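Number of protein chains: 2
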Amino acid sequence: MTKGSITIVGLGPGKESLITPEARAAIDVATDIVGYIPYVKRVTPRDGLTLHASDNRVEINRSIHALEMASHGKSVVVVSSGDPGVFAMASAVFEALEEGLSSNPHWVDVPITVVPGITAMLAAAAACGAPLGHDFCAINLSDNLKPFELVEHRLRHAARGDFAMGFYNPRSKSRPHQFCRVLDILRDELTPNHLIIFACAVSTPEQEISVVKLSDATPEMADMRTVVLVGNSGTHVIEGTNVINTPRSQLGWNAS
Amino acid sequence: MTKGSITIVGLGPGKESLITPEARAAIDVATDIVGYIPYVKRVTPRDGLTLHASDNRVEINRSIHALEMASHGKSVVVVSSGDPGVFAMASAVFEALEEGLSSNPHWVDVPITVVPGITAMLAAAAACGAPLGHDFCAINLSDNLKPFELVEHRLRHAARGDFAMGFYNPRSKSRPHQFCRVLDILRDELTPNHLIIFACAVSTPEQEISVVKLSDATPEMADMRTVVLVGNSGTHVIEGTNVINTPRSQLGWNAS
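Residue numbers (this note's numbering), protein chains in the order written: chain Y, 1 to 256; chain R, 1 to 256.
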């Protein structure tokens, strides 16, 4: 039997030219593609390639399926948007591996490779200047897999550390009130002039970016296609342009 | 006169197949390449392309040069390693623009585009599993442009927020003692079993990755080619493998 494998690739934020040749090459030699419906749709069908699209929130089942196929000799590519290691499929595949290893000891022989991709936060930053040009945090605002108290705890530490921030999954239909609470926490910790960037459908033809002061930010400005960036204390719009920059120097910082 | 432009591109962590087609296309139509010597060396010379390699720590002069050439009609590509928006050239170009605009008002007409790239931290994470699979911070440990007190302040908040972390520029000849201090701060805030990953020359043939407990980490494990990753409280090696994973779920978290 041919030795199977799993390659977990990131398709980047949406634009075809932001998919790395490494990810493309893995897709080109795959026998099976596994992933969430809209990401599998981004793969061109061809002879010898089976597409297995599945719904959101079945990441573990999808991962088990990938492990089973690979252990039977298939060259499986698991597709994620962005970077598979950032709030995406890499952790899910490794969790499935860990949970299933004792009852499926043959899984240990499946080589698993992660191919990094352009994550939405960094594509959003590039689209509006360099707002993450200094120390920053990435926070998933969804409380599907963690208590909202932990989201709040991290938001407060990120704000007190004067980190710039990138938020994934800021808002969904099932928890419309939470992003409102996130903005309240930020208002509690930061100045009203702090810049907030709402970047929707980054790198696609539908890309929309709006920049507001924290005092003017409202929950409706974000949906599930939005990445939200928060500047640090030095982030500003360069006068006469629409460029947002976070200066590299914070030599004037003091703890008071 | 042809209208000039600046495109700031990320060459990724080192491997050619991790350069996006978008970055490659910008290089292919450039008249001038500007950047730090080792990154400019990665660009293949061709007729009609002038390479301008400069030393480290002259980012602002290099940016002014790029702005001047672009305002005279050149298609300038500024090359960075990794992602230009993450501790790299994007902020430097925008700073030079901001500082120079009043005396060079023609610079405002230069279109400046940032093309994101695979940043070292995420390539390092991919190489060892999914250690940044949950909320994380990126911190530049160099105190060239910020007081070390701010590094310490951010480290403590990142640790108290139970963020995973990625450190850029952990160590240099000019400040050998500081990474020692960083490890002391982490030991003060985190458990001895916390996992630390030293990823050197990620994605190149010289790649070396070592994983140790915080209690066993020593400053010599890092140099300027190293990205250091720190797990969160749940990060662990999956038994029977060498995969490092940070679980997606932290439902059991409580504030105590």
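These aren't lab readings, by the way, just hints derived from the structure by calculation.
None of the values given here were measured: they were computed from a predicted structure.
Even for Gly, the Cβ is constructed at its ideal location relative to N, Cα and C.
Wrong hints could be hidden among the right ones.
[Said to hold, decoys possible] Covered, in the sense of this in silico footprint (three residues per stretch, anywhere, with C-beta under 8 Å from a C-beta of chain Y), are these stretches of chain R:
#, stretch
1, 47-54
2, 64-73
3, 109-123
4, 139-153
Hint check results:
1. 47-54: violated (count 0)
2. 64-73: violated (count 0)
3. 109-123: holds (count 9)
4. 139-153: This one holds; 8 residues, not fewer than the three required, reach chain Y with a Cβ under 8 Å.
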